[in-house]
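Model the full structure from these sequences, guided by the hints.
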Amino acid sequence: MDLQGNLTRDALEPLNGSSTPFSVEAILSRLLNNLNHPDPQQRILAIDALSDFVDVVVLDRLIDLAQNDPDSEVRGAAVLGIGEFTYVASSWAYDPEADDNAHYTDDRMAREDLKRTYAFLLSVYRDEGRSLDERRYAIESLSHFCNQTVEDLIAELYARPEKVARSSALVAMGRNCSLRWTDILADELYSPDVELQINAIVAAGECGLDACGKDLWRLTFSENLDVLLAAVWSLGQTGWEGAFDRLDELSLHPDPEVRQAADEAMEEWLLYSMLEAEYGDDEIDFFEEE
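Our numbering puts the first residue of the sequence shown at -8, with every later residue one more than the last.
Hints listed in this document are in silico derivations from the structure and should not be mistaken for laboratory results. One should not assume that every hint holds.
Stated by the list, open to error - Label-pair distances were calculated between CB atoms; the ranges are:
| # | residue 1 | residue 2 | range |
| --- | --- | --- | --- |
| 1 | R250 | T140 | 40 to 46 Å |
| 2 | L262 | D91 | 39 to 45 Å |
| 3 | Y181 | D97 | 35 to 41 Å |
| 4 | R209 | P29 | 27 to 33 Å |
| 5 | D55 | D246 | 30 to 36 Å |
| 6 | E186 | R209 | 17 to 23 Å |
Values in this document were obtained by computation on a predicted structure and should not be read as measured data. Cβ atoms here follow ideal geometry from the backbone N, Cα and C, with glycine treated the same way.
Laid out in structure tokens, this is it:
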């Protein structure tokens, strides 16, 4: 949680000088209170700071803000913040449209809360009276759910002409992890737009696309540091057999940021390889999400 800036100073000021340490409950209470701040930017900062609190009380406040806040940027931030809650669904392949989700037993979020959150996000996206930011953020937050409806909405967003829509769609593809996105992501790895390119690189890693391994390897030679770092990270996630030698080489790079990224990617690659050897591809996603 980010405890910097005016938001946190305002939120924690009443606790300063207290002889007792800050409690999680006290911090949460102050941050929730700041959701009522008259300054929209302070409300947005509060939403961001609440991202570590997966609690139904926070969820309800975010849904209320996304529905009723007078500022469209605050509404968009709240919709995006709801994605911290839908992430729980991805670990269990939870489908709110399925008849049987008995396999879902996560005590952080009840099934009925995920289901109503899903319905709310769908309503946000389908409301053409809302801003594009609100609607595209709804898709980013929905993308953790695994079903045909969500996949089709991601594809619909990607087909829009606006760059920001395509950017959000690429983010959603990475979170959704469907093999349906393989060809799109492979093409976007070479997008002339760096933002779209980086989103595609990261998404390929999140999806664990071994098929993109050679392309990601090539992108580690990019002169753009952000592209290089994204490609290094993704190589570690894919488990592609040709990745290790290049990552090992980059661990000696003159730039310390690249060296660190390469070291971390090698650790991920080795973990993936060990899991693959012991359990096979079908079990790897489970271990990565735990």
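Out of the numbered hints, which ones does the structure contradict? Per hint list: 2, 4, 5 violated.
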